[in-house]
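J.: Sequences are here, hints too, so could you generate the full structure?
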Amino acid sequence: RDVMADVKVRLTPEQTLRSAAVDLAAARTGLGIVDVDGGGVITERDVLRAIAAGDDLDTARVSDHMTPRPVSVPSGTPLGEACDLMISR
Numbered sequence: 056r057d058v059m060a061d062v063k064v065r066l067t068p069e070q071t072l073r074s075a076a077v078d079l080a081a082a083r084t085g086l087g088i089v090d091v092d093g094g095g096v097i098t099e100r101d102v103l104r105a106i107a108a109g110d111d112l113d114t115a116r117v118s119d120h121m122t123p124r125p126v127s128v129p130s131g132t133p134l135g136e137a138c139d140l141m142i143s144r
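Residue numbers for the sequence shown follow the working numbering, so the first one is 56 and each next one is one higher.
Think of the hints as simulated: they come from the structure by calculation, not from any bench. Treat the hints with care, as some may be off.
[To be verified] Pair by pair, the computed Cβ-Cβ distance ranges are:
(1) V62 with L112: 14 to 24 angstroms
(2) L140 with D92: 19 to 29 angstroms
(3) L134 with D110: 32 to 42 angstroms
(4) D110 with D139: 32 to 42 angstroms
(5) P129 with R73: 27 to 37 angstroms
Don't be surprised by glycine CBs; every beta carbon is placed ideally from N, CA and C.
T.: Below, the structure is given as structure tokens:
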């Protein structure tokens, strides 16, 4: 809980990647939480991969490029345990 970041950007799966990128930039963050069943996240890296693949940011959707159901841990998880999980995944 001591190193968790506050969620600054909430996105919908239907948003375009351009809209998501604008929201992330405005909040000066590289991570957005996607409100879907089971949760999801999208990062600046996901947007860059879409650009590199030639996707049109005005038609590509967040749902096509997000990570669905990301692995998470409860806020009381020791930092070392959380790091081990990140490395193993």
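J.: Could you run down the list of hints and mark each one as holding or not?
T.: Comparing the hints with the structure gives:
1. V62 with L112: 14 to 24 angstroms: Since V62 and L112 have Cβ atoms about 23 angstroms apart, the given range 14 to 24 angstroms holds.
2. L140 with D92: 19 to 29 angstroms: holds, 23 angstroms
3. L134 with D110: 32 to 42 angstroms: holds, 36 angstroms
4. D110 with D139: 32 to 42 angstroms: holds, 34 angstroms
5. P129 with R73: 27 to 37 angstroms: Given range 27 to 37 angstroms: holds, Cβ gap about 34 angstroms.
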